[in-house]
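Asks: This is what each chain is made of:
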Amino acid sequence: MVYQGEHLLIGQIGHFFTLLSFAASLVATFSFFKATQASKPEDHNAWKKLARTSFYIEIFSVLAIFISLYIILYNHYFEYLYAYKHSKRSLPVKYLLSCFWEGQEGSFLLWNFWHCVLGSVVIATAKKWETPVMTLVSLAQVFLASFLIGVYFFDIKIGSNPFVLVRNELPFASAPIFQDPQYLSKYWHDGNGLNVLLQNYWMVIHPPVIFLGFASTLFPFAFAFAGLWKKDYTGWVKPAMPWALFSAALLGLGIMMGAAWAYESLTFGGYWAWDPVENASLVPWLIIVGGIHVMLVNKSTGYSSKAVYWFLFLNFILLVYSTFLTRTGVLGDTSVHSFTGEGDSLFWHLILMMTLFTGLFLVMYFKNQKHIPVVKKEEDISSREFWMFVGALVFFISAAYITFYTSLPVINKIFGTNKAIGEDPEYIYNRVMVLIAVVLGLLTAITQYLRYKQTPRSFWIKKIIAPTAIALLISVSISFFGGITYDKYGIGYLGAIHLAMFASIYAIIANAAYIWSGLKGKLKAAGGSVAHVGFGLVLAAILITSSKKEVISINRTGIIIPGLLDPKGKEDSGMENITLIQGVPTPMGKYMVTYQGDSTHPGDEKLYFKVNYIREDSATGKIKEHFNLYPDAFLMKGEGGRTSLSANPDSRHYWNKDIFTFITSMPDPSSTKDTASFKNRLVKSGDTIFYSKGFILVDQIIEANKNTNKDLPLVDSAWLADVTVHSVDGRTYKASPALFSKDGMPMPKLDTVMSQSLVLQVNKTQSGVELGVKESSAVMKYITLKAFQFPYIGLLWLGIIIMTTGFFISMLNRARKG
Amino acid sequence: MKRIHIIALVMIAAAIAYMLVTMSKDLTTYDTIASARQKQGQFIHLIATLDRSKQIEYNPVENPNYLAFYAVDSLGGKTKVVYHSAKPPELETSERIVLKGKMNGDVFDCKEILLKCPSKYKDDPAHQEKELKYKTQENQ
Numbered sequence: 012m013v014y015q016g017e018h019l020l021i022g023q024i025g026h027f028f029t030l031l032s033f034a035a036s037l038v039a040t041f042s043f044f045k046a047t048q049a050s051k052p053e054d055h056n057a058w059k060k061l062a063r064t065s066f067y068i069e070i071f072s073v074l075a076i077f078i079s080l081y082i083i084l085y086n087h088y089f090e091y092l093y094a095y096k097h098s099k100r101s102l103p104v105k106y107l108l109s110c111f112w113e114g115q116e117g118s119f120l121l122w123n124f125w126h127c128v129l130g131s132v133v134i135a136t137a138k139k140w141e142t143p144v145m146t147l148v149s150l151a152q153v154f155l156a157s158f159l160i161g162v163y164f165f166d167i168k169i170g171s172n173p174f175v176l177v178r179n180e181l182p183f184a185s186a187p188i189f190q191d192p193q194y195l196s197k198y199w200h201d202g203n204g205l206n207v208l209l210q211n212y213w214m215v216i217h218p219p220v221i222f223l224g225f226a227s228t229l230f231p232f233a234f235a236f237a238g239l240w241k242k243d244y245t246g247w248v249k250p251a252m253p254w255a256l257f258s259a260a261l262l263g264l265g266i267m268m269g270a271a272w273a274y275e276s277l278t279f280g281g282y283w284a285w286d287p288v289e290n291a292s293l294v295p296w297l298i299i300v301g302g303i304h305v306m307l308v309n310k311s312t313g314y315s316s317k318a319v320y321w322f323l324f325l326n327f328i329l330l331v332y333s334t335f336l337t338r339t340g341v342l343g344d345t346s347v348h349s350f351t352g353e354g355d356s357l358f359w360h361l362i363l364m365m366t367l368f369t370g371l372f373l374v375m376y377f378k379n380q381k382h383i384p385v386v387k388k389e390e391d392i393s394s395r396e397f398w399m400f401v402g403a404l405v406f407f408i409s410a411a412y413i414t415f416y417t418s419l420p421v422i423n424k425i426f427g428t429n430k431a432i433g434e435d436p437e438y439i440y441n442r443v444m445v446l447i448a449v450v451l452g453l454l455t456a457i458t459q460y461l462r463y464k465q466t467p468r469s470f471w472i473k474k475i476i477a478p479t480a481i482a483l484l485i486s487v488s489i490s491f492f493g494g495i496t497y498d499k500y501g502i503g504y505l506g507a508i509h510l511a512m513f514a515s516i517y518a519i520i521a522n523a524a525y526i527w528s529g530l531k532g533k534l535k536a537a538g539g540s541v542a543h544v545g546f547g548l549v550l551a552a553i554l555i556t557s558s559k560k561e562v563i564s565i566n567r568t569g570i571i572i573p574g575l576l577d578p579k580g581k582e583d584s585g586m587e588n589i590t591l592i593q594g595v596p597t598p599m600g601k602y603m604v605t606y607q608g609d610s611t612h613p614g615d616e617k618l619y620f621k622v623n624y625i626r627e628d629s630a631t632g633k634i635k636e637h638f639n640l641y642p643d644a645f646l647m648k649g650e651g652g653r654t655s656l657s658a659n660p661d662s663r664h665y666w667n668k669d670i671f672t673f674i675t676s677m678p679d680p681s682s683t684k685d686t687a688s689f690k691n692r693l694v695k696s697g698d699t700i701f702y703s704k705g706f707i708l709v710d711q712i713i714e715a716n717k718n719t720n721k722d723l724p725l726v727d728s729a730w731l732a733d734v735t736v737h738s739v740d741g742r743t744y745k746a747s748p749a750l751f752s753k754d755g756m757p758m759p760k761l762d763t764v765m766s767q768s769l770v771l772q773v774n775k776t777q778s779g780v781e782l783g784v785k786e787s788s789a790v791m792k793y794i795t796l797k798a799f800q801f802p803y804i805g806l807l808w809l810g811i812i813i814m815t816t817g818f819f820i821s822m823l824n825r826a827r828k829g
Numbered sequence: 008m009k010r011i012h013i014i015a016l017v018m019i020a021a022a023i024a025y026m027l028v029t030m031s032k033d034l035t036t037y038d039t040i041a042s043a044r045q046k047q048g049q050f051i052h053l054i055a056t057l058d059r060s061k062q063i064e065y066n067p068v069e070n071p072n073y074l075a076f077y078a079v080d081s082l083g084g085k086t087k088v089v090y091h092s093a094k095p096p097e098l099e100t101s102e103r104i105v106l107k108g109k110m111n112g113d114v115f116d117c118k119e120i121l122l123k124c125p126s127k128y129k130d131d132p133a134h135q136e137k138e139l140k141y142k143t144q145e146n147q
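Top line first, the protein sequences correspond to chains Y and W. Counting from 12, one number per residue, gives the positions in the first sequence under the numbering used here. Counting from 8, one number per residue, gives the positions in the second sequence under the numbering used here.
I should point out that these hints are in silico values taken from the structure, not numbers from a laboratory. These numbers come from a predicted model, not from an experiment. By construction, the Cβ of each residue, glycine as well, lies at the ideal position given by its N, Cα and C atoms.
Part of the chain W face toward chain Y, derived, beta carbon under 8 Å:
id	residue
1	K9
2	I14
3	A15
4	M18
5	K32
6	T35
7	H52
8	E69
9	N70
10	P71
11	S92
12	K94
13	P96
The shape of chain W in the complex, shown without the other chains (with noise of 0.2 Å):
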């Protein structure tokens, strides 16, 4: 074998080797509510939808990075979230939220909000017809 493979093969290794240390502590889970509450205080992932049931706490006069709200996930449970930045413009209008924190006790202490909304997603079928649904009333 040459010098070259060689170091390609020891550049590889090493490369898969820092990946194998790293990974447990660079990856994490999707979960839901219930099983994040058994996770306390272990970063992950929630997908859940707003509980648009409950209202949304947000005074940016008062404090523009405290926002509270409960979600919902499909198979339930339901959790306060609390997020110190901004609300996210289209939180409301959002169809599905994943939310990036942690369980503290029965709140959810996100720090990352990604919101798949309905604008965004034009060829979703489903949304389609909800779309079609308000024009049509829009219109008679």
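Isolated chain Y (complex conformation) (with noise of 0.2 Å):
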């Protein structure tokens, strides 16, 4: 049969490329191999040329291979099932490349891409170390490249090629409508769409610096490989030294845009969750900071000659780790991120890879461990190298508590066990990174201030006694004056969140400090003090924002009657969201709120909800703040034409704080029912109905019936209810439901308070009149959101800066030193 209107040469250049690109990456690895092996110069030389011509192949297969996929996105060719899975035809051009890193092949590729962009650097670079570095970057190759290529090889799947067929897969393939010819012409028109959290500017450019983050971690393992390999235990440090700095200060970038993306465009409210996808690229960045410092104590002393191989192969590992946790669906039920993988195939083909480069490093580590030069004599207590290997081990330390928790599906699957985080993930997390914080920020300031080898007690003390002095100064203010009162864990973490606080500041301050008194002031030179301070800088940050983040859609459940207490009789901290009708300003923490109503934009899907905020003085009256939020939110047209909400937050953002809010519940506008149903109670005059946003007082209850009114033409009886609704804003509205009846049939009068969503009724029962109260959500446009205040988070961004640019002064200088 002969489909219609496909478009199948591009799927095949594209297909062809990524065959290429394996064979490349394969022909490479060999080809830097026998190069590193050859010892005769013309051998080398021959091999070497080859080598690079395989790699330039491969570097031009990944182009077109990105390119082929560009071309059936941009062109909506829905017969590729990589289109149909993550675009659609309405999706804005913007977000064509983060269709891209939503599928697991593109995210590959987007790998792959920078290995061959970083591969170029090192060829141009390296000198001597090219090529034992490059046959290990291109066998990493060899498996980034495998994982495109979706080929059997004896019934065993490897890989997944993104230029599949939509009618050659399953469960498709069975499907009916493909066996018609003109099926594109037909049915299929559209595709499925990109998840719309990921329609954000953030998630068009976090994963490319978070994969080239993930990309650059070879590098740094590459060159202490190829140090063991040629047997030059110590000078691959200094060459290698840049690619850990780059590695580092990426992996951080990438990983707080992640959570910048979070923070605008989540609703968890925050910017960090510890949740499992967060922490696994959290892990290499801890690791790879503290391999830097052993590695400098290395490159100063020659100590640590061991742990460096180490910490950088740890660093590679896990970083496989992390995309073997969050790519192969094993985390499971315990993320609230959205990958799951290709399910086996990627589960196998990714611990193959683990295992192979833990056993090349491993052979090649034990079979030279004797010959690496180790200093005999001992550390002084007073050297920096010293202190700095402790920090290092604290890193270390860090990331295995973080790893081990993060681990737990993994090691439920390997023992058998159930096992899962307890209540309070955050907590479990939070009170051993704030002692982490303490010691880390101590140790940051303090060993700047102490020389390798040994440092003079009193030189040492001369230069530290200033900073010291004025941090704890800043910090024991900011204990006193910053009204840091987070008691929710008891005092010791109180204590112990000040104590971070005072390590941080000072880390800070000593660090500003060093780059006068010990550099002179050289930037070029203060990489190291740049990043410190960063460093300081964010820990300060994440303890100010943390503790001091403030639920203001606290919900009293709207009731502020005098004399009346909240049902519970307390504010409970578990009531976070609130509900806002349209037009009814509603008091929320030392704010005023209304819903003004709702709006969509032509070319964009999402529907804006205007929430005005107004601050006014309690004395005078006058407004002191005044402000409109849009937060947004996709309506997603789900089974059974159920639409669901997908909401993203919108901040007001002061210098000091971000008033953050986001819709977390709206009346599904294809259902109208109504649900809620009458409370009817007896009444007489003057009583009193409470209902969820005030009361109703029953002004007067008129009884009439022929006999005793002869006005009453049209009916034989009636019962009519005045009432004046009050409330919780202080408005008031009159109402008058009324019951009818004529020749023995009921006919009830409604009356309706709109902005109170109430409709009233009235009853005549055997006992006497009754009020029939109705709370109707169908009645009213309503909102219900969440509102945080987070303070200083501005702080957390300008930390992050400082600490990428110091990693970059630092990797420049040592580039140029190199």
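From these two lone chains plus the hints, build me the complex, please.
Replies: Here it is in structure tokens:
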């Protein structure tokens, strides 16, 4: 059968290049290996030439794959599964790149692409290290390329080809519509679209950065491996240094871009949630930062000559492990993040990759272990290297702790247990990390003033006394006046927070001072100190934002009637959502907020809600703050025509805080059916009935019938209720529901109070007149939202920028000297 | 052994000891509804699905912080679930839910809900099949 309207050529080109890139990386690996092993210079050069050529072919192939896939996505060729799964016609072009990253194949392609770029830099700069380093890089490329080839090898599917056609893949292949040669023009018009959470500008730039960070972790390890291989056990550290710094910079930046994305478009109300996916990328960063310090120790003093290998090896292998955790679906029920993998095929593929690299390293390391030079003399306790190593160890321990809890699903799988992290995962991580922060902050401050080998005590004390005093002064005043009173976990934890606060301020001050006192203001050489200042800022910002984050949408069930308490008698900290009815100002924290309406924009699938915030001075009534926020949401048509909501927050930024707001619920526009029911109560004049947003005062009850009242010409009898509705915001509304009866038939006349979403009715029973009150969501437009106040979130982003700058200064400085 | 090695070992040993001590408190288990009933008041994780035959009780106008629904697990256990926060918007469309909380009598008092939603799980073949049926019906 010939299908009409398909664009098969582009897919064939793409698939050809996936195979070519795999073949080229195999040849490159082999040739770089032979070049490294060759003893004669002419052999070496011949192999190197072949290897480089293969590597260039690989670069070309990766670009060709990328372009082919882009053409498919851009032109909406939905006969291809990748386009069908990840894009659709209405998707704005600016998010087309996000379609790449959403799929697993695109992510591996991106990773592969960065290996190509970084590999080219190695070829251009690494000189004698080129061939051994590139052997390892090319070997990794073999794996990355194989994730995309999608061929069967004795019934085992290897990799997943991004160029497969929908009609060839199960379950689609069996569907009858694909028996129709004209299926494209008849049925198959549009794709599934991009996950709405990824339709955010951070998701266009965060993945390229984090994958550059991922890709870069291979290079320091490759240098370490090359050192063992070429039996030059110390010479590799210097050229590897800029790579390690680059890796730390990019990983850190990438992680925090992800955090910024989470803050701006996810609704857990923060930038970090200790989610396994976040943890998995944080761990390699912790290890590489530890690794950098161990490398520095080794380069400057010759100590830690064995530890360097382990740090860089762990860094790379834990990075592959993080991919294993997040992409194979092994995390399953523990993560909110949404990757599932290719299932078993990728699972074993990544295990094979980890095993092979681990095996290569272990064999190489233990073969050479005896020859690695070790300094016999002990480190002096007053030396810089001693405390730097301790710091690296603390990084390692924090990484191990996080890895353990993140790996629970893996542990369950191996040992057949069913353990899960307990009630308060954030606290389980935080209470350890706060202590880690104390130790790291102090070490960062103190160690900077120590010298390698040995530090004269008087010299050190003289230098460090001023920064210590200043830091103490600042942090004590923050402790006294900063209002950090986070006592949810008791006084011990609060104490640890204050201690960590001091440590991070200390790190900032001591390192900033060191740039002048120790380095005479030479910024070029001050990369380390700058990074430390940034790190201290990050720690301080994390402490402040987490301990002073405040929920301002505390719901007091709406009732603020004098003399009446909340049903529970106290503020319930769990009640963090508040419902706003359109047009009704509602008090929230120190603000009066009003939901003013919603709107859509052409070319944008989102629904924007206008929420007005006003803060008045309670004494003078003058408006002190006035702004609108536009939290938005995607309304998605799900199965069975149900609509579900995917909300994005909006924030008002101040220099010292953010007011962060997002929608948690709104009435489903497709279902306006009224599920609430009347609550009836016997009433007489002067009675009061409470409802959720205030109370109803019964002004009078009138009963009339033909016998008593001649003015009732149309009906036989009537029962009327005149009521006044007093809402919490102080407004009053009149309403008069009634019940008539004619010829024994009841004729209710309901009355509604729209803004209170109240429906009122009158009933007549044996014992008297009843007033029925219904609070119906169908009457009213409303939204439910949650709002936070985040103090000093800007400090966090500033810290990251400074830290990244520090890494780059250091990297350039070392590359220049290199 | 050098001083630095002793420090390293002591730190690692302390970390391991700390974890062993706190682990019993920090770790919980995945349970079925039946086994959760035996563990009254203990914090556990339930893996279940939404019972679509029962109504979801959520009226944000009255109380935006009260959600009640029924969950069933694969062994046929069934329980009422109460959650004191806003209804996760994708609850109705979820395919699987992980409920973290405590069994309190007959009611599961839920502290956190994790939803596994079809929209997030495009690579899941079971979901693709469903999606296909939906699409095919839509086009005919």
